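There are 2 protein chains.
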Amino acid sequence: MHKLTSAEIVVLFLSLGVLLATARLFGEVARKLNQATVLGELLAGIFLGPTVLGALFPEAVQWLFPREGSVAIALDGLTTVAISLFLLVAGMEVDLSSMWRQGRAAIAVSISGIILPFSVGFAVALLAPDWIGHEPGPDPLLYALFFAAAMSISALPVIAKTLMDLDIYRSDLGMIVVAAAVFNDLIGWLTFALILGLAGMAGLHTAWPIGWTLVMTLGFTAAVLVAGRWAVHRSLPWIQAHTAWPGGVLGLALALGLLGAAFTQWIGVHAVFGAFLVGVAIGDSSHLREQTRSIIHQFVSFIFAPLFFASVGLKLDFVANFDVWLTVVVMVIACAGKILGCGLAARWGGIARREAWAIGFAMNARGAMEIIFGLLGLQVGLIRERMFVTLVVVAMATSMMSGPLIQKILRLTRARRLSDFMAGRAFVADLVGDTTGEAVGELSAAVSLATGLDARMIAARVLERESQGPTGLGDGVAVPHARLEEIRSPVVGVGLSRGGVDFNAPDGSPANLIFLILTPRDDDGAQVEILADIARTFRSDEVRQRAVEVRSFTEFLALVRTQGLAK
Amino acid sequence: MHKLTSAEIVVLFLSLGVLLATARLFGEVARKLNQATVLGELLAGIFLGPTVLGALFPEAVQWLFPREGSVAIALDGLTTVAISLFLLVAGMEVDLSSMWRQGRAAIAVSISGIILPFSVGFAVALLAPDWIGHEPGPDPLLYALFFAAAMSISALPVIAKTLMDLDIYRSDLGMIVVAAAVFNDLIGWLTFALILGLAGMAGLHTAWPIGWTLVMTLGFTAAVLVAGRWAVHRSLPWIQAHTAWPGGVLGLALALGLLGAAFTQWIGVHAVFGAFLVGVAIGDSSHLREQTRSIIHQFVSFIFAPLFFASVGLKLDFVANFDVWLTVVVMVIACAGKILGCGLAARWGGIARREAWAIGFAMNARGAMEIIFGLLGLQVGLIRERMFVTLVVVAMATSMMSGPLIQKILRLTRARRLSDFMAGRAFVADLVGDTTGEAVGELSAAVSLATGLDARMIAARVLERESQGPTGLGDGVAVPHARLEEIRSPVVGVGLSRGGVDFNAPDGSPANLIFLILTPRDDDGAQVEILADIARTFRSDEVRQRAVEVRSFTEFLALVRTQGLAK
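Sequence order for the protein chains is A and B.
Oh and the first sequence: position 539 is 539 in this note's numbering, straight run, nothing missing.
Oh and the second sequence: position 549 is 549 in this note's numbering, straight run, nothing missing.
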């Protein structure tokens, strides 16, 4: 029996542990900087791999992430499974029905946003291959097709995330973008699958005529999206009725994903395509419960995806293979084609100018998908290291610029949240006073520490506002507040009172949770947004109860943040 | 670079998909038969492997589950990771504080339940090795130590599951058993780790003195359980406050588990021990949110565990290596030692006779742990195939007999649930009538179809009961019912009425969900238990709304079952 030795198991666990920990850490830092986590995960791999640590400590890195032998094979198997499960989840996020609902506009944006970058990419790669550093080797036609497809892809997960962050996911514009991205994903992966099939790179069936792989791919796509989708939708209630929950559905989803992946790999397109299609078929059923979806989603997003994207960074030296000129050319082709293609189609579809360009920039984000695309192209030999690094950089750059540019074009402001404006120094775990004046005084002193403002001035202004009408919300929550010229961004002081302080709440209950909210005088929205966030966060009895019992600012912040995100 | 070829990826995905699907299927069948799912998962592997399919179609099975080459290595890596994550979850279920709360009684039961089977096992293995088929090879002392440890282990997950199924998990008896099993798990794994260390089988540090591995093992255990536990508890609020939720904690838990596993593997005890200890340290923190715990738990229990246990069944021919005599001897040693050890200690601790023996039988369940134990022993060469098969059979037999015997000893009956007594034929998706009499008539006809009882008799008895007092519960739910001599077990007819039927509910609302409940006259508990289950299941507005909208019995059953189990 062929097995890992004890020493190899040590290396396998150590490399997985280091990879996961570093990827999650860098991913969190990226998130703090308002960037996609995938950017951080990729940088974690680049940091651990030959680009940084591998250049400094070649032997140690070679030992921890070997490129030969059993551990390399086991890691390759694990990351291949990881990326297929990531595509399964990406497929589950595809909502076919919303695509049809948005109808004509979305499909026009999508098709135009595919055709324009595809045509430009194809023309450049075929007619001026030197511009994009064509190297001898692969068939020029295949190379051009691959490059064109790489220019035309979008990344639904990154796009959806950007829209959610900007709070426009559920707007008309958001729905059109998501529907267009869904269609783009489907067509993009199908095109890519066909190119891989054409290339016959998989080399499993050299005897097959080229047309056969195409027929198999299209047939499988149709079978999964029509018959498969129907069968899953029909069988889910039976499975939920007769098997352990959520284990029955979890097991079914993953087993079908693995089998679909095996099939598409076998016909010569990549495993990820089968997993993606199975994901679409499963995710589309209205019988799938939210909790099942979220277990798969979170485990894959936070464990498998970081492992995969970090492993991409390990593969080569991103500095040595970076080519500025190539990157600029590819970036221009990618952005111009996509933004113009989508934007113009949106304009023709009767969408206002600003919104139309916002759609263009939203669709331009390529994120994880372009990276996977590039990696598979590299693996089957369609492209070289330099083009791979270029595609990764383009993927990251287009994703990073998408959010800020949409925000600028649409002149959006984000709803302010409580957790953004609390501070450790403005937190009083145990208020001593039991009157409104005393409590406001203590909190004003704390806020003064955090801001440098005069404590007596704060207290006076807050109590002046209080005299115009009480700020007790009931259920033990009070929100004394004031608007000040002296500050440029909101500040919230938080005080907990075990005994309770009377803030004249309508239900007569004394306040145990007291939020002193100061907002800039010229900011009309901040006060209302923060109040709404407080009301939402402390809606349930249980959360209020736990809030009063915390003993430190960190615990309080943890409660607010996990509560704010929980369903 | 050493990578999987395209053909190998096909086999890897296909084998994982087939393994997972078969394991889940067999696991569900086991569950239906009131057995531990691990039994089904193991049988799935035995079915797919050399014992059944491999004997019939050796070439196909050899192709799908190769024993040599890259796919075998990738599968070995995956299942090694899977079992370590399973132990991480098992560790997270260990509740150290409940162990201390139960105190003396639990620890007495546990220690006595370890020492007696350990001593008997050790004595037999050393003095009469022929009884248990000792084969030349390993050091007799190590072999005896290993066999003794295998006799003394319990399996917390199986034990907890059995107690929950019997609804005595939260009883005094349940708490003592769980606390004793926690202690038993800790000591059992520590002993096992020390034996592996003594054996030096890992062979990584042949130059190390034996004592060194022991010191490292004990030192690591103490460090993780004291310093590690403290550090995790202190840092969790910070992580929940400052990272994506639940991704931050998920990533931390898995990364620490992998690193702990790497460390224990490195010092010469197995990776699973490190993962288990890290799980204990993490699971013990009261800051760990239930949702995080449940994501890890469910993904590991329903995906990684089935893959691992099915892969155990693939490893060898369970029929050819089955030895009746050996199994009987080992079974007697294991059961006698454990049941007497625990039962006598419980009696001495002042626990009543029936309860004391119930504790003994509960602690006797060995389930998954004994299988993992045996597999590791086989892998490091401490035991041979015949003993491994024996240990697996003993693990299964002790787990299977545990529940029924406790139920018998304690004369327990399980609370009856709505879903056990509904039937497709007694379900009316759209009641026509809009009076109490008409609705009861339609439901009686349906129940009559399902039971063969006379419809008019049922309707008459139900309406007679109805005349003594209305059965509308309010919120659109009504529970007309009767107790009949004619039936031996409860029957529930379910009718949905879009228009609503007046059952004189206290809130005046017409009933849309009507349950016609018939119970045996001599069964005092059934009616109340089923009523309580209905009230609990349809507590929320959302569930009642969804219930009225279902179109088939299967959908209704799915709703009831997923609702009943959801938090």
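Since the hints were made in silico from the structure, they are not lab data.
These numbers come from a predicted model, not from an experiment.
Just to be clear, a hint being listed does not mean it is correct.
Calculated from the model, a selection of chain A residues having no Cβ within reach of chain B, i.e. all distances over 10 Å [claimed, not checked]:
#1 Ala23
#2 Glu59
#3 Asp76
#4 Gly211
#5 Trp212
#6 Gly219
#7 Leu236
#8 Trp245
#9 Pro306
#10 Asp317
#11 Leu326
#12 Arg483
#13 Ser489
For each label pair, taking beta carbons as the anchor points, the in silico distance ranges come out as [what the hints assert, rightly or not]:
#14 Ser540(A) / Ala227(B): 29 to 39 Å
#15 Ser540(A) / Asn504(B): 27 to 37 Å
#16 Ser552(B) / Ala532(A): 36 to 46 Å
#17 Gly103(B) / Asp502(A): 38 to 48 Å
#18 Gly452(A) / Gly219(B): 45 to 55 Å
#19 Gln62(A) / Trp348(B): 53 to 63 Å
#20 Ser171(B) / Gly525(A): 51 to 61 Å
#21 Ser171(B) / Gly452(A): 50 to 60 Å
Note that beta-carbon positions come from the ideal geometry of N, C-alpha and C, so glycine has one too.
So, going through the hints one by one against the coordinates:
A beta-carbon of chain B is positioned within 10 Å of the beta-carbon of Ala23(A); the least distance is around 8 Å. Taking the minimum C-beta to C-beta distance to chain B, about 18 Å, the non-interface status of Glu59(A) holds against the 10 Å cut. Distance check on Asp76(A): its Cβ comes as close as 5 Å (rounded) to a Cβ of chain B, failing to clear the 10 Å threshold; non-interface status is violated. Every Cβ of chain B is farther than 10 Å from the Cβ of Gly211(A); the closest lies at roughly 20 Å, confirming the non-interface assignment.
Against chain B, the non-interface label of Trp212(A) holds: every CB pair exceeds 10 Å, the least being about 16 Å. Here Gly219(A) stays apart from chain B, with its beta-carbon at least about 18 Å from theirs, past the 10 Å limit. Interface exclusion of Leu236(A) from chain B breaks down, the closest Cβ pair being 8 Å apart, not more than 10 Å. Non-interface status of Trp245(A) relative to chain B is broken: a Cβ of that chain comes within 10 Å, the nearest being about 5 Å off.
With 10 Å as the threshold on Cβ separation, the claim that Pro306(A) sits away from chain B is violated: the shortest Cβ distance comes to roughly 7 Å. The Cβ of Asp317(A) lies farther than 10 Å from every Cβ of chain B, with a closest approach of about 14 Å, so its non-interface assignment holds. For Leu326(A), the requirement that its beta carbon stay farther than 10 Å from each beta carbon of chain B is met, with the minimum near 23 Å. No Cβ of chain B approaches the Cβ of Arg483(A) within 10 Å, the least distance being about 28 Å, so the stated non-interface status holds.
Ser489(A), annotated as away from the interface, keeps every beta carbon of chain B farther than 10 Å; the closest lies near 20 Å. Hint check: Ser540(A) to Ala227(B), Cβ distance near 35 Å, so the stated range 29 to 39 Å holds. In this structure, Ser540(A) and Asn504(B) meet the distance hint of 27 to 37 Å, their C-beta atoms being roughly 34 Å apart. For Ser552(B) paired with Ala532(A), a C-beta distance near 41 Å keeps the hint of 36 to 46 Å intact.
At about 45 Å, the beta-carbon gap between Gly103(B) and Asp502(A) stays in the expected band of 38 to 48 Å. Take Gly452(A) and Gly219(B): their Cβ atoms lie about 49 Å apart, and the range 45 to 55 Å holds. At roughly 60 Å, the beta carbons of Gln62(A) and Trp348(B) sit within the given window of 53 to 63 Å. In this structure the hint that Ser171(B) and Gly525(A) lie 51 to 61 Å apart at CB holds, the actual value being about 55 Å.
Separation of Ser171(B) from Gly452(A) is about 59 Å and conforms to the stated range, judged on CB atoms against 50 to 60 Å.
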